[in-house]
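Q: Sequence:
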Amino acid sequence: MQDDGDCDELANKRTALLAEGKTVAACVTYGPAKRVAFDDMKASDILPIPQYCLENEIQYWYGNREEACAIVGVLVNVTSLPNNQIIGQMFLNEYRYAYGSSTYPTVAYQLQVSMYHGWGQIAGTTVSGVSQCTGACTYVSSDFPIQPVVKDTYPGGEAYFRTTATEAGAIGNMDAVFKYRFYNPSWGGSGGSTGELTASYPTVRCDNRVPGTSIAGCVFRDWPGVYAYSLTGPYAELAKHIHEAQQAGLPGAYPGTGPNSTPLKRLIFPREQQANRLKACPTAWPRPATKSCDEYPMASTYQGAHTGGGTGRTFSWCSVSALPTGVTGPSGWSSCMIDQDHNSLGGSDLDTYLYRDQRILDSDPFYIQIVP
1 MQDDGDCDEL ANKRTALLAE GKTVAACVTY GPAKRVAFDD MKASDILPIP QYCLENEIQY
61 WYGNREEACA IVGVLVNVTS LPNNQIIGQM FLNEYRYAYG SSTYPTVAYQ LQVSMYHGWG
121 QIAGTTVSGV SQCTGACTYV SSDFPIQPVV KDTYPGGEAY FRTTATEAGA IGNMDAVFKY
181 RFYNPSWGGS GGSTGELTAS YPTVRCDNRV PGTSIAGCVF RDWPGVYAYS LTGPYAELAK
241 HIHEAQQAGL PGAYPGTGPN STPLKRLIFP REQQANRLKA CPTAWPRPAT KSCDEYPMAS
301 TYQGAHTGGG TGRTFSWCSV SALPTGVTGP SGWSSCMIDQ DHNSLGGSDL DTYLYRDQRI
361 LDSDPFYIQI VP
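Numbering (the working numbering), first residue to last: 1 to 372.
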């Protein structure tokens, strides 16, 4: 998530700096962070950091397909070189936030720092930085000007980068960083500033190759897609089948909601999808009136009946006499006759709101979440 700053380097250079007549130097490193309340940040944020980032454990990334955030600690030490004593410190939180859109080729990055405690030779300190992007990206704009560092304020910057992977079939990654340092004219031994900190961000994948759409967009690839069906929603029978299949051990359950949270992986090839359908739901099976055959894992996944292997199972309410009930475990598939509208319309929503909107490409992982 971060580099190590320059405090070790300053310690190694102390003798040489003293020989040059230097007396005070400063360094910066990543250190402890302080948990803050959401209301404390609203007034000063470039864009408010998501609530879930403030509520979760500090020092880790949190996010979804369209945004990511992290809070880490920063420590500035001001050292008297002759006696090697710390004569000032700044304790800060660093807030990293990046966001984009699955239907837009530009991604925004933010970085802010906020001092929550400081003492000693730190008056007049300022901060500024620059941003960089590598990979399939071009510069749009960036602004991290010189700003004073005062307790409980939020100096920082923002940057925008646009993907170059916009042509049909294109795909590419972008990696962005902010590089910044703290300045104070009294820190002459280190040139009036600390060393440079590099704040990195999760890789963003952009593409124009999602089946069924010709729009380029970007997602944070480290977070699997998630699509939710409700047990009391418009596709209740579909949700019930998936729920019971997941509770019986089949993969794809959103973490914490079932015994097997191995994500499903999308399969985009029509021939293999059809083979999955025919194995899980043979055309010779009778369909009750107003019902159609549903399979889980879906035919559009590599865990489908044909591509995933294993044996079939069903449930007592499913009207499938060809398969056994009471089967548990992670391999195989489940077949069930459910309301035909729940099946077809629920499948259409999956294609629209998961596969397209969340840019799920071939072999991309995702979860099906069942909610009340």
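Any given hint could be a false lead.
Said to hold, decoys possible - Think about it this way: if two alpha-carbon atoms lie no more than 25 Å apart in a straight line, the pair counts; the simulated SDA-like pairs of lysine to any residue are: (1) K151 to S101; (2) K291 to Q340; (3) K240 to P145.
As the list claims (entries may be wrong) - Derived DEER-like restraints, expressed as beta-carbon distance ranges: (4) D175 to D351: 27 to 37 Å; (5) V226 to D4: 14 to 24 Å; (6) T153 to S200: 20 to 30 Å.
Hints listed in this document are in silico derivations from the structure and should not be mistaken for laboratory results.
Quick caveat: nothing in here was measured; it's all calculated off a predicted structure.
C-beta: ideal position from N, C-alpha, C; glycine also.
Q: Given the hint that K291 pairs with Q340, does the C-alpha gap stay at or below 25 Å?
A: The given pair, whose Cα atoms are some 5 Å apart, holds under the 25 Å limit.
Q: Keeping to a limit of 25 Å between CA atoms, is the pair of K240 and P145 held or broken?
A: Status violated; Cα separation ~54 Å.
Q: Within a Cα-Cα threshold of 25 Å, do K151 and S101 meet the stated pairing?
A: Between K151 and S101 the Cα gap is close to 34 Å, so the pair fails against 25 Å, i.e. violated.
Q: Taking 20 to 30 Å as the stated bounds, is the beta-carbon spacing between T153 and S200 within them?
A: Holds, since T153 and S200 (Cβ atoms, about 24 Å apart) stay within the stated range.
Q: 27 to 37 Å was suggested as the range; check whether the CB atoms of D175 and D351 agree with it.
A: Since D175 and D351 have Cβ atoms about 30 Å apart, the given range 27 to 37 Å holds.
Q: Cβ-Cβ distance between V226 and D4: within 14 to 24 Å?
A: 34 Å, violated
In this structure, the hints that do not hold are numbers 1, 3, 5, in rising order.
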